[in-house]
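K.L.:
Sequence:
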Amino acid sequence: MSDGGGTGRVLAVDWGQRRFGVAVSDPSRLIAQPLVTLTRRPKQRAPVAAVLALITRHDIVEVVVGLPLTPEGEEGEAARAARDFGAALARRSGRPVTFWDERLSTARALRAAREAGVKDRDSRGRIDQMAAVVILQSWLDAQRAGGTGALGDGGSDGP
Numbered sequence: 008m009s010d011g012g013g014t015g016r017v018l019a020v021d022w023g024q025r026r027f028g029v030a031v032s033d034p035s036r037l038i039a040q041p042l043v044t045l046t047r048r049p050k051q052r053a054p055v056a057a058v059l060a061l062i063t064r065h066d067i068v069e070v071v072v073g074l075p076l077t078p079e080g081e082e083g084e085a086a087r088a089a090r091d092f093g094a095a096l097a098r099r100s101g102r103p104v105t106f107w108d109e110r111l112s113t114a115r116a117l118r119a120a121r122e123a124g125v126k127d128r129d130s131r132g133r134i135d136q137m138a139a140v141v142i143l144q145s146w147l148d149a150q151r152a153g154g155t156g157a158l159g160d161g162g163s164d165g166p
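So this note's numbering is basically just the index in the sequence shown, starting at one, shifted up by 7.
The reader is advised that the hints may include incorrect statements.
[To be verified] So the derived label-pair ranges between C-beta atoms look like this: (1) A152 / R16: 16 to 24 Å; (2) G80 / G15: 26 to 34 Å; (3) A149 / P49: 29 to 37 Å; (4) R151 / K50: 38 to 46 Å.
Because the hints were derived from the structure by calculation, they are not lab data. This one's a predicted model, so the numbers in the text were calculated from it and none came from an experiment. Glycine residues also receive a C-beta, built at the ideal position from the N, C-alpha and C atoms.
Starting from the given sequences, assemble the full structure and let the hints guide the process.
P.N.:
As structure tokens, this is what we get:
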């Protein structure tokens, strides 16, 4: 888990069944920006290797994985899969992985895309990237404010 005072790029993943939106911070951890959308076919494993390549390519020092909680704040099957994905990233990358509540991140990304005039049919991958931006910017802002709000890290058993 982050100490809130670090520097270096942070990568965020908006975990999904078919697509993974990815965002990255600047080295001073002020601003999140979209990076890429990774896709996978049904029954294919999560793209851990692709994210590991991004971690190396962009000199990432920490990872934030969006945790898809239910509206009641509980963890279901999707959250367990996201935790497994984050644990694999932590184990294979050696980087700290923090889980962050991603509720409403896609809704915020959709609203921002519509306000920017992006058509729904053109936006699927971009929405996933923007959801990752929402997750990462929320995390960055919370770190600067001195809070954590983290939902457990890749090396813990839970929140």
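K.L.:
Next, verify each hint and record whether it holds.
P.N.:
Status of the hints after comparison with the structure:
With their beta carbons about 20 Å apart, A152 and R16 fall inside the hinted range of 16 to 24 Å. With their beta carbons about 30 Å apart, G80 and G15 fall inside the hinted range of 26 to 34 Å. Distance hint check: the CB atoms of A149 and P49 are about 35 Å apart, consistent with the given range 29 to 37 Å. Roughly 40 Å separates the CB atoms of R151 and K50, a value that falls within the hinted 38 to 46 Å.
Hint check: no violations occur; every hint is consistent with the structure.
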